[in-house]
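Generate coordinates for the entire structure from the input sequences, incorporating the hints supplied.
Residue numbers (my numbering), protein chains in the order written: chain H, -4 to 353; chain G, 687 to 1098; chain P, 2 to 291.
It is worth saying that the hints were derived from the structure and are not from the lab. For every residue, glycine included, the Cβ atom is placed at its ideal position computed from N, Cα and C. Heads up, some of the hints might be wrong.
Partial selection, computed: residues in chain H whose CB lies under 7 Å from chain G [claimed, not checked]:
(1) Gly157
(2) Gly163
(3) Asn165
(4) Gln225
(5) Gly260
(6) Thr264
(7) Ser266
(8) Gln311
Derived Cβ-Cβ restraints for the label pairs, each shown as a range [claimed, not checked]:
(9) Met197(H) with Glu1081(G): 36 to 42 Å
(10) Asp134(P) with Phe1059(G): 31 to 37 Å
(11) Pro175(P) with Asn215(H): 31 to 37 Å
(12) Glu1005(G) with Tyr35(H): 38 to 44 Å
(13) Thr85(P) with Asn223(H): 53 to 59 Å
(14) Gln225(H) with Ser92(P): 18 to 24 Å
Calculated Cβ distances over 12 Å to all of chain P for the following chain H residues [unchecked claim]:
(15) Ala4
(16) Gly18
(17) Leu136
(18) Arg285
(19) Val322
(20) Leu344
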Amino acid sequence: MALRNSPIAALRLLEGPQTLGKGPGFWGGFTTIVALACLYPLFADGYDVGNNVYFFNWTFMALGLSLIWGYGGALSFGQTAFFGVAGYAYGVLTINLGDAYGLTFVSLIAAVGLSALFAGVLGYFLFFGRISGVFLGIVTLSVTLVLERFMSQTAGPEWAIGSARLNGFNGMGGMPSLTIPWPGGDIVLFPDVALYYLTLAMLVVVYLALRILVNSRFGNVLVAIRENPQRAEMLGYDIRRYQLGAFVIGSGLAGLSGVLYTAWGNYITPSSMGMSAAALPVVWVAVGGRSDLTTTLFGTLLVLAGFQYLTIYGSQYALVVMGVLLVVTILAAPSGIFITVGSLFSKGLRRRLKRESV
Amino acid sequence: MHKPTTSVLAALGTLLALSTAAIAQEGPIKMGVLEDQSGDFAVATIGKVHGIELAAEEINAAGGIAGRPLELVTYDTQSDNRRYQEFMRRVLQRDKVDVVFAGFSSASREAYRPIVDQFKGLAFYNNQYEGGVCDANMIVTGAVPEQQFSTLIPYMMEKYGKNVYTIAADYNFGQISAEWVRDIVKENGGTMAGEEFIPLGVSQFSQTIQNIQKAKPDFLVTLLVGTAQASYYEQAASADVGLPMASSVNVGQGYEHKRFQPPSLANMYVTTNWIEEVDNPASKAFVEKWRAKFPDEPYINQEAENSYIAVYLYKQMVERAKSTDHDAIRKVIAEGDVCMDAPEGRVCIDPKSQHMSHTIYLAKVGEDHSISFPKVWDDIKPYWLGDVGCDLTKENPEAQYTPSDNPMKSGG
Amino acid sequence: MDVLSGLFSFLYQTGDAFAFLVLSACGLAVIFGMMGIINLAHGEFILCGAYVTTSAVQMGLPLPIAILAGALVAGLVGMLLERTIIRHLYSRPLDSIVVTWGISMIATQGTLILLGSTMPGTGTPFGSFTVGDYGYSVYRLVLMLAAVATLAVLWLIFTRTRFGILARATIQVPHIAEALGVNTSLIYSLTFGLGAALAGLCGGLYAPTMTLVPTMGAAFVVEAFVTVVVGGADIFLGTAPAAAILAVVKAGLTSWQGQLAGQIGLLVAVIVVIRILPRGLTGFILRERA
Chain H
-4 MALRNSPIAA LRLLEGPQTL GKGPGFWGGF TTIVALACLY PLFADGYDVG NNVYFFNWTF
56 MALGLSLIWG YGGALSFGQT AFFGVAGYAY GVLTINLGDA YGLTFVSLIA AVGLSALFAG
116 VLGYFLFFGR ISGVFLGIVT LSVTLVLERF MSQTAGPEWA IGSARLNGFN GMGGMPSLTI
176 PWPGGDIVLF PDVALYYLTL AMLVVVYLAL RILVNSRFGN VLVAIRENPQ RAEMLGYDIR
236 RYQLGAFVIG SGLAGLSGVL YTAWGNYITP SSMGMSAAAL PVVWVAVGGR SDLTTTLFGT
296 LLVLAGFQYL TIYGSQYALV VMGVLLVVTI LAAPSGIFIT VGSLFSKGLR RRLKRESV
Chain G
687 MHKPTTSVLA ALGTLLALST AAIAQEGPIK MGVLEDQSGD FAVATIGKVH GIELAAEEIN
747 AAGGIAGRPL ELVTYDTQSD NRRYQEFMRR VLQRDKVDVV FAGFSSASRE AYRPIVDQFK
807 GLAFYNNQYE GGVCDANMIV TGAVPEQQFS TLIPYMMEKY GKNVYTIAAD YNFGQISAEW
867 VRDIVKENGG TMAGEEFIPL GVSQFSQTIQ NIQKAKPDFL VTLLVGTAQA SYYEQAASAD
927 VGLPMASSVN VGQGYEHKRF QPPSLANMYV TTNWIEEVDN PASKAFVEKW RAKFPDEPYI
987 NQEAENSYIA VYLYKQMVER AKSTDHDAIR KVIAEGDVCM DAPEGRVCID PKSQHMSHTI
1047 YLAKVGEDHS ISFPKVWDDI KPYWLGDVGC DLTKENPEAQ YTPSDNPMKS GG
Chain P
2 MDVLSGLFSF LYQTGDAFAF LVLSACGLAV IFGMMGIINL AHGEFILCGA YVTTSAVQMG
62 LPLPIAILAG ALVAGLVGML LERTIIRHLY SRPLDSIVVT WGISMIATQG TLILLGSTMP
122 GTGTPFGSFT VGDYGYSVYR LVLMLAAVAT LAVLWLIFTR TRFGILARAT IQVPHIAEAL
182 GVNTSLIYSL TFGLGAALAG LCGGLYAPTM TLVPTMGAAF VVEAFVTVVV GGADIFLGTA
242 PAAAILAVVK AGLTSWQGQL AGQIGLLVAV IVVIRILPRG LTGFILRERA
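Rendered as structure tokens:
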């Protein structure tokens, strides 16, 4: 057991049946992309760097949803609830604690922990209550809408935790950015090069860790549950615990997105938990191909950048074009655009596509 | 998206002619415009963009700002706070604009304000709102509660009685405005018959209507926001509530009197700093100019006029400062005489709060939804921020104060 | 007299909430309950019904006919969408969320571009009446009657007509229905069209009482989903009783604690009901029967 859990054994799980991409070709490409991403700030201006940080912020929530929905087969429509809880928690903690001594990072961890705890409680209620399918989506959506409506009316001065005012629908502001304590002056991570590297590093770590997770026994069982819950149960797995585990991890990642977003813009608002915000992660994940981490990641970045591009250049037709693209993508590429396009070139992907469309 | 090149060329021509241009930098002055041209707020905000376009066209035709043409960089923020965050960074970092005109809802303003503050940008918020923003990087041209309620509520109490019922949207704007109403009613020796807060997005009002009828107030203050809540008027009319109404948001912003069938808004009194029905020569000429350029405009609201004026005020500031530099512009504001004759009357920027004084018109909606103006108050100042200790000529707290949370309350 | 007027007031409030929930939910219930499609464009069918109704009234048609026209147009649009898009999604109910969300985006923004940011209303007909201290709108009573009538008509359609029986057969065991010669493809189209028409009916009925803007559908969607989920798959065993229960919860909480409590109470009720009855009231009633 000790040997199987050794770091070397874990690294072997970086590739496996549950993730696309293996062998030197894939990892060569992976290294190239990471290297290019590292070099990028040398060529881009401050706006592009900060804007990319903004895109990266959302990918954690998407990867979490891929784990819950793509791998675990449970559609959560309310990941924004954890996003919001963690964002507000970060705001409340940092406004009260301040940004010295690396306390912003302590707050980050505490806020993510809080959202995971919340997910644990809610998930227990859901999965041990055997709620599944569409109903799971609706309950999680209800949770996020309750939080949105509640937070919207907290404008009054009585709604404060310590010195942090929740400030209702207008949103909470004034929280510090992430700050690294440094001799001779703290480094404040504004949306710029330093924050870019930090977020990129987190993204790489989370991506690789998730690859290991889904290729481990846990991931295999999770996929078995997605494919056929009864069969998994007959084989002696307590499917509730696996689904709960995936839900907590995925929601913790949504929480991480929430904290990073809040620290990025020094602002969090109840509408981050509203109906249209809640639909977005589902869209990102569905477009890229939810059943794989890599396609989810690139799909999310593609949709985010594409929608922003359309809004900049498409004037009032942007929303119409976005809608059309969504509809066409889902109809023409049910497993997400990457797998569908990739299947034109790869036999393995063609087989996968066939399997998934059954 | 950008200005038609012809007008830019024309302006460039003027620039060449005026070789004595006082400003060393060449090239256009860039103005970022972030407004909601789609989504829930589009009803009230498309006119703001048109107002800015109209002013920019006039200014460019007349030689630009200090000889430099004015170039607009416009983005549609889709009534989405996140788009404000994205595009505020874009206009400041990428497009490097000299000034930004941005925001309809207070939430959107609070979303972009940290970014403006971080980059030391200069933003105009041309909207009526709940008041209290004390931030040197912001200039607010919309009306604030002390301008609208200190006029409206005493008038209504004198005319209809001292028993007041408020229904308000359950968020910052509604809650803070309701607090203002409560305080002014008390100061004038009246009583609150009731107060009810409605969550945003609620469209069904049967219970609220009954609560109002039960309390039997002399008049009703309606601070309802958003298109869903506007359904109240139709539903109240069909239940024959029949009370006189007072409001600071309706008519002037969402032109409900044009959109609803009479008489659902009959007997409503609104304090606004301008609407298209205002009957004076300057205002009429303004409406005529507007209709010539935008013949299909459903209504020209107060925010549209605010936005139009704001462009001219910015022009004046830059020309007097001889620069687009913010410190230079703030020095001009500190002189206390940045004023102009607007369609509504004379307006001035208050140096302490960087808010604007207004002519306040009391608009009365008639049975057939025609507008009359029983009373006009000249030169109503945005005094409150200065009273509670905001003085942007001395320090810049970059904060938003409320009646129950401000430097005076905390003893500072 | 006071007691009576209080009682009437409570019944009126509950009936009003009931009508709103039933009318906004039954289109969604047909589409979700019978076809398993989660239709996030539900609000835009309501929008379609409301706009068509209003335009028809402005062209001089009497209101009842205008409302039917609104329902009819929404139904036809629904059938068209089913033929072109929705039918590819029957095996993928979760993808239907994304697609219908996309359709909803196109419809909302398209309406804004084509018809402008707002449409003038027609005014609420029939005036008011008084009981005790309170004035009431006659039209709200019409809405309550319309809700009951809609349920009755739906019941007749699904139990007494050939279409209804075939539809239920198709939905329960599609391949056998097909083997028995039922044109299941047509049945699916008609069912989706019926759901869309019911949404259009809701829009038409509420059009005279609301602000007409491209985003107006959003005001109905959350309540509709809540009702359908609490109710479960069957309209008569689920949606109708769910609407009744939720109406009491909402009217009670709203009059006791205000609108916010009513809104949050509704959402909390969903979570609780699903925890106790994972298949909604339908599942509960069917289990009791069995």
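Taking the hints in turn, this is what the structure says about them:
no.	hint	in the structure
1	Gly157	violated (14 Å)
2	Gly163	holds (5 Å)
3	Asn165	holds (4 Å)
4	Gln225	violated (41 Å)
5	Gly260	holds (5 Å)
6	Thr264	holds (5 Å)
7	Ser266	holds (6 Å)
8	Gln311	holds (6 Å)
9	Met197(H) with Glu1081(G): 36 to 42 Å	holds (37 Å)
10	Asp134(P) with Phe1059(G): 31 to 37 Å	holds (35 Å)
11	Pro175(P) with Asn215(H): 31 to 37 Å	holds (33 Å)
12	Glu1005(G) with Tyr35(H): 38 to 44 Å	holds (42 Å)
13	Thr85(P) with Asn223(H): 53 to 59 Å	violated (33 Å)
14	Gln225(H) with Ser92(P): 18 to 24 Å	holds (19 Å)
15	Ala4	holds (35 Å)
16	Gly18	holds (31 Å)
17	Leu136	violated (8 Å)
18	Arg285	violated (9 Å)
19	Val322	violated (4 Å)
20	Leu344	holds (19 Å)
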